[in-house]
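With the hints as your guide, set chain B onto chain A.
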Amino acid sequence: MNRRTFIAAIAASTVMLSAGYAAAQEKIRIAALSFGESGEYMKAWSTEIQNHPAVKDGKVEITVFDGKYDPLVQANQIDTAITQQFNAIIMAPFDLEASAPAIDRAAEAKIPVIVSALKTASTNYTSSIIVDDREGGKIIAEEMAKRLPEGGNLVLMEGPIGQSAQIERRAGVDAGLAAHSNLKLLVDKSGNWSRAEGQALMENWLSAYPDQINGVLAENDEMALGAIEALKGAKVDLSKVPVIAIDGIPDAKRAVESGEMAVTLYKYARAEGQGAVDLALRQVIGADFKPQSEVWKDLMEWKDGTQKDYTVPWLILDKDNVKKYM
Amino acid sequence: MNATTDLANRNTTERRKAEITREFVKSFSIVLVFVGICVLFTSLNQYFFTWNNWLNLLRQSSINGILAIGVTFVILAKGIDLSVGSIMALAGMVAANLVTTGNESPILFAIVAALGTGAVLGLANGALIARINVPPFVATLGMLSMARGLTLIYSDGRPIANLSAPMKWIGSGNVLGMPVPVLIFFAVFVIGWITLSRTTFGRYIYAVGGNEKAARTSGISTRTITASTYVISGLLAGLGGLVLTARTTAALPQAGIGYELDAIAAVVIGGTSLSGGRGSLVGTLFGALIIGTINNGMDLMGVSSYYQQLLKGAIIVLAVIADQIRK
Chain A
0 MNRRTFIAAI AASTVMLSAG YAAAQEKIRI AALSFGESGE YMKAWSTEIQ
50 NHPAVKDGKV EITVFDGKYD PLVQANQIDT AITQQFNAII MAPFDLEASA
100 PAIDRAAEAK IPVIVSALKT ASTNYTSSII VDDREGGKII AEEMAKRLPE
150 GGNLVLMEGP IGQSAQIERR AGVDAGLAAH SNLKLLVDKS GNWSRAEGQA
200 LMENWLSAYP DQINGVLAEN DEMALGAIEA LKGAKVDLSK VPVIAIDGIP
250 DAKRAVESGE MAVTLYKYAR AEGQGAVDLA LRQVIGADFK PQSEVWKDLM
300 EWKDGTQKDY TVPWLILDKD NVKKYM
Chain B
0 MNATTDLANR NTTERRKAEI TREFVKSFSI VLVFVGICVL FTSLNQYFFT
50 WNNWLNLLRQ SSINGILAIG VTFVILAKGI DLSVGSIMAL AGMVAANLVT
100 TGNESPILFA IVAALGTGAV LGLANGALIA RINVPPFVAT LGMLSMARGL
150 TLIYSDGRPI ANLSAPMKWI GSGNVLGMPV PVLIFFAVFV IGWITLSRTT
200 FGRYIYAVGG NEKAARTSGI STRTITASTY VISGLLAGLG GLVLTARTTA
250 ALPQAGIGYE LDAIAAVVIG GTSLSGGRGS LVGTLFGALI IGTINNGMDL
300 MGVSSYYQQL LKGAIIVLAV IADQIRK
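Protein sequence lines, in the order shown, are assigned to chains A and B. Counted the way numbering that gives the first Met the number 0 counts, the first sequence spans residues 0 to 325. Counted the way numbering that gives the first Met the number 0 counts, the second sequence spans residues 0 to 326.
I should point out that these hints are in silico values taken from the structure, not numbers from a laboratory. You may find that some hints are simply not true.
Stated by the list, open to error - Distance condition first, Cα-Cα at most 25 angstroms in a straight line; then the derived BS3-like pairs of lysine-lysine:
{"no.": "1", "chain 1": "A", "residue 1": "Lys-58", "chain 2": "A", "residue 2": "Lys-296"}
{"no.": "2", "chain 1": "A", "residue 1": "Lys-296", "chain 2": "A", "residue 2": "Lys-323"}
{"no.": "3", "chain 1": "A", "residue 1": "Lys-42", "chain 2": "B", "residue 2": "Lys-311"}
{"no.": "4", "chain 1": "A", "residue 1": "Lys-58", "chain 2": "A", "residue 2": "Lys-109"}
{"no.": "5", "chain 1": "A", "residue 1": "Lys-145", "chain 2": "A", "residue 2": "Lys-188"}
{"no.": "6", "chain 1": "B", "residue 1": "Lys-167", "chain 2": "A", "residue 2": "Lys-109"}
{"no.": "7", "chain 1": "A", "residue 1": "Lys-252", "chain 2": "A", "residue 2": "Lys-323"}
{"no.": "8", "chain 1": "A", "residue 1": "Lys-118", "chain 2": "B", "residue 2": "Lys-167"}
{"no.": "9", "chain 1": "A", "residue 1": "Lys-231", "chain 2": "A", "residue 2": "Lys-318"}
Just chain B, same shape as in the assembly:
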């Protein structure tokens, strides 16, 4: 038994070392791709490389980025989360209801409510998957529909507008010249990056995703780890919902439809393997920035949205092909 544990531990450590090297190479190549895209757009459009446009680009990438960071945790542990778009709609709605005319609670309530709603639904996902062994695809697909249903029931299909000034500030405010959504995105990134690369919990996530059996044998509570990744993803979806609501100054029942796909795309473009255990948040950060840059750059150039969708799809597929080749 001891021998097995040692072996598993050593395997995990070695895998981890190889992982760090691979991660570095990968992160570096994604940065190159990002820089390449930026150079291309800069040469094609005079407005692309301006400070204001960079602020736009970062602001436009921040909501998808926040979602994608959460989804990275899930995918690293070999799961998938299709429910983030719906969860963000419900969380945004619950938050908006607390800071609208006639019911103006302190902004802190709205923040806690949004994060709490997301975390609770994420926990439900986690429990279904880790406790009852429902496949992640099915559990979160179910949640995608249930959370949307809850949003419609809660809102009676009507938007909630007239949000309080502090709530709007989350979407449109600036601190030291930086838009608040961007600062939130970066803060989430830093916390997420430290969690994944500098804590035992983070290493366990890689271990569970890389080889669940070995992880379990070496004494990791794989169920808890798996479930916690969904809580993180739900929590960040809640945060994303809060920012989205603040940015559009209204909580809409149809908000966030399809956002899970952009989040997953950012993770995949960022080089995180859908088969778990390999990838990094740096990749996801640039994955989200690449999607934002492509949307922004092609809008600037006036490329028809029909071609934009084609190109975005092609980039996702190419990213996965690159991942296969590296394997």
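Extracted from the complex, chain A is given alone in its bound form:
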């Protein structure tokens, strides 16, 4: 390419870019604030958002912001989204407390905020669409009780202490276990949602409580998968020591299919992600808007799209039904 054609090409592409830009201005613009795009669940969440029918149609433009597991970064991104005058903000708040002032600022700027995936301490959000983490904790405790009818000793791996999912899931686990006095919690500790930390924790517990652990509960799949590696390393029979966790990430579904993990609760990224897009569009477009994601068909009730809080149900995956959701 000689210099002249090069310049011509640049000029042409600039014109095309600005034309595309002008067209983009007609679209509804939604900011999706993921709390960490390097995590599997959040990546699935933002991918589902971008696969929403209205986005595919080109009527809606999504900008994904990566919160990088840092509440300050998320606060900054809300400010950026306000300045950019997005029509709506969908946010998965990394921290319960720290997300509140940022959401208040968006509300003050009259931008609808749909809270998705995790809770916030703010009450100024427009709607929330979240699985019930407390219910999830309770379900895994009950699933454990079903698998250990004679009772036994359990260990529990927790998320980062203080995060809303950790607080809620833990409260649910405690409530679930309270109904089964023959299940005894030997020890609990945070594995920070991490597979590597979960593995190390389990290795240490196997040394500290030799032959005493009858079941493993984890507040997320990653830690449980780490625990499974440690149990396999110690030659523990995984059919006798059930490992039960929450989230339903692909690796966990594979582990359930192969029988290494007893149960995982599937947190349906499509429901939290695409559902949030519909709730946002309801605010932007108004009462005429009809939800477009399939998640409103039989999973959840739309209720005009103006409720404050929507609860996404958990799907309990075990060896029998996991294939359907692979």
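What follows is chain B alone, placed relative to chain A:
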């Protein structure tokens, strides 16, 4: 002996003069880079060059900027401080504990506690490095872990929320239309700049970083100077922790993880040499602004964060290559 001292003094003075010239050229080129990035983003996004976005950008750069100013002192004296991210978490936690519900002391207590915590941990770094000759990388790496451990112990792994109104004001207030964190950042910059370029203490820092032996021979108490740079860095990390806590309205045990790297990046992009003795706070100011601008601008354009990280890394490496070429 006298001859040696004279020679060392003259060397220091000459080095200093050359330093000022170099510093000017460098500062100027970093400003050009910054302006270039701004022009690029302005042409690509209609929201970039707006007053509100500038306020965002400055606010978003202020915490990293405060940390980076402290780290500049350390790096100029040929050290490194990896512990600032952890120190800010502990300082923020200690401060928050004084201004939360049920324990609402005056805001001044929280400020003093945050700065004090930072300074004490910085002094510990300084003592290890200047007194016991632990290499700076190792001493501050140790402190990175110890301060994080102390934070978790002190907080029992739980966040402290419900901060008092004056504490929140530090993070979200405005004075004459300027966000408080930005004003703090600028105040720290001005004080730091005067200290480095207009005081004997500042000149000694350059001397120690440029040639420690010559500095010692010419009668500078190099150990005290070295240790004091870590105290400054710790103190500013404490201040950064205070602002961070106020801004997020909660002190989180996992706050500030990795912030030391962004601070060091700002210093390096700003043209301060990791081998000590060369660099300036003006460079660091723009280094911090460049990092903030890149994050802000690419967020505005909706560039995937995966590419953002790639680009940020590339810019750091390019900055160091430019530094090598200039040498």
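Here is how each hint holds up against the structure:
1. Lys-58/A - Lys-296/A: It holds: about 21 angstroms lies between the C-alpha atoms, which stays within 25 angstroms.
2. Lys-296/A - Lys-323/A: Holds, because 18 angstroms separates the two Cα atoms, which is no more than 25 angstroms.
3. Lys-42/A - Lys-311/B: holds, 21 angstroms
4. Lys-58/A - Lys-109/A: Within the cut-off at roughly 22 angstroms; holds.
5. Lys-145/A - Lys-188/A: holds, 24 angstroms
6. Lys-167/B - Lys-109/A: Within the cut-off at roughly 22 angstroms; holds.
7. Lys-252/A - Lys-323/A: holds, 10 angstroms
8. Lys-118/A - Lys-167/B: holds, 21 angstroms
9. Lys-231/A - Lys-318/A: Measuring from Cα to Cα gives roughly 19 angstroms; hence the hint holds.
The structure shown violates none of the earlier numbered hints.
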